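The listed protein sequences derive, respectively, from chains G and C. In this text, residue positions in the first sequence follow this note's numbering: the first is -19, and each later residue adds one. In this text, residue positions in the second sequence follow this note's numbering: the first is -19, and each later residue adds one.
Check before you lean on any hint, since a few could be wrong.
Chain copies aren't distinguished; within one or between two, either way the pair holds.
What the hints assert, rightly or not - Derived pair list, reagent style SDA-like, types lysine to any residue, alpha-carbon separation capped at 25 Å:
#1 K163 with R173
#2 K163 with P148
#3 K163 with G174
#4 K163 with D53
#5 K163 with E149
#6 K163 with E179
#7 K163 with R(-1)
#8 K163 with G146
#9 K163 with R(-3)
Since the hints were derived computationally from the structure, they do not count as laboratory data. No experiment lies behind these values; they were computed from the predicted model shown.
2 protein chains.
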Amino acid sequence: MPDAARCRVPAEPASRRERPLLMVFTGEGKGKTTAAMGMALRAWHRGWPIGVFQFIKSGRWPTGERAAFQALDAAHRDSGVGAPVHWESLGSGFTWLPRRTGPDPAELAQHGWSRVAQALATQQYTFVLLDELSYPLARGWVDVEEVVAALAARPGFQQVAITGRGCPEALLAAADLVTTMTKVRHPFDAGHRGQQGIEW
Amino acid sequence: MPDAARCRVPAEPASRRERPLLMVFTGEGKGKTTAAMGMALRAWHRGWPIGVFQFIKSGRWPTGERAAFQALDAAHRDSGVGAPVHWESLGSGFTWLPRRTGPDPAELAQHGWSRVAQALATQQYTFVLLDELSYPLARGWVDVEEVVAALAARPGFQQVAITGRGCPEALLAAADLVTTMTKVRHPFDAGHRGQQGIEW
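Please build the complete structure, drawing on both the sequences and the hints.
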C-alpha cells in the first residue's frame, strides 16, 4: 500500500466533508446487497464500527459476505486495522425459496426493526446496513412512517445504507442517495441456476 | 457462524450449477464498483482466487475496498480461509479529479489491458474484476472488439465482473448479466462533497 504522505486527497479537513447519509439501493437488478456490502468495506477501512442487519436472509446460510466480514472483524481484533463488524440475520430465508415452517415472518421483522431502532437511538454503529428492509416494509410488517421517523431522528453521525426491491416512496423521499439497479439481463432468465460465489 | 450441516441449500451438486459468467455493472448511479466488490466477497468465501484490475483509480489512494481485500488476502495466507487476492491499480487517478501530469492514460490503459488479457489466457484467477474498464473502451484507448473476443475466448472457469459508466454496446451484448445503476438522487447534486468511507 502507498504511504499516507503520498495521498494528496482530500486537501479539505475531513470534518468539513463528513455528513451522515441515508442511502438506498433498490430496483430489480442484481447488485443491491453487494453494492451496500462494498460500501461497508470502505466504512471498515475508515474505522467506522459496522452493524449489518439482514431482514430476509437467515443465519443458516453462511453467505460469502458474512464470512468475509467475520474475517475483517477478526483482523480488527487481532491487529487493530479497520473496524469491528456486528452481524445479525433476522429473517427466515431467501425470498425466492418456498416459505418454510417456522417463526412468523411479520414477528421476525418487527423484532428485527426493534433491534435496529435501539441501535440507532444509542448510536451503536457508525455504518448501519439494513439489508432487504424493503420487503417487510412493502408487506406492511414494519411501519414505513415509523422507520422514516427513526432514521430522520437518528442522533450523531450514523451512515445508513438500505437495500431491497420495491422500496416505499416515503423512504426514497427521505434518502440522500438513491440508486435504482435496473435489470438489463440476468442469467436466471436464460434458465441458469444460482451458484455459490455469485448469488451468496 | 452456523455449522455446515445446517445448510440445506444447494441440494443440487455445485458442478451442475456452476457456469462462468460475464457480468457488467454500468450506468450513472452510485454502486457499480461497490457491487462488484461485494460480489468479490462471495468469490473470496467460495475460495476462488481473485484478480482485481482497476483501470482508472491509481495506487496512490488506499481505497477502503483495497485495504479490506488486502486484509482478506492476509487472512487467507494466515489461516487458509477464503482465497488469495491480487490487486493492480492501472490508472492515474479518479475521473472527477483534474488530470495530473504523468504517464499517458491511453498507454496506461493499453498496458493494463495486456495484463488482463494475459491473466485470462493463462487462467490466473477464477474471479476477475475489471473496474472502470468502460472508460478506456469508451475513449478508444483499448479496442472493444479485442476485449469482447478475449472475454469470449477465455478458457476454463473464469467469472468476470466489469464496471463503469458508458459501457459499449458490444460489451453489453456479450454479457450474461447486465445491471444498470440509475441515479435517482446523489448527495453531490445537493452540493455535498465526497467523503472517505463513502466514496473511497
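Structure-based check of each hint:
1. K163 with R173: within (17 Å within a copy, 29 Å between copies)
2. K163 with P148: both (19 Å within a copy, 17 Å between copies)
3. K163 with G174: The answer is within: 16 Å in one copy meets 25 Å, while 27 Å across copies does not.
4. K163 with D53: neither (33 Å within a copy, 32 Å between copies)
5. K163 with E149: both (20 Å within a copy, 15 Å between copies)
6. K163 with E179: both (15 Å within a copy, 24 Å between copies)
7. K163 with R(-1): Between copies only: 20 Å across chains, 31 Å inside a chain, cut-off 25 Å.
8. K163 with G146: Cα proximity of K163 and G146: in one copy and across copies (14 Å, 16 Å).
9. K163 with R(-3): For K163 and R(-3), only the inter-copy Cα distance (21 Å) is at most 25 Å; the intra-copy one is 33 Å.
In this structure, only the earlier hint numbered 4 is contradicted, and the remaining ones agree with it.
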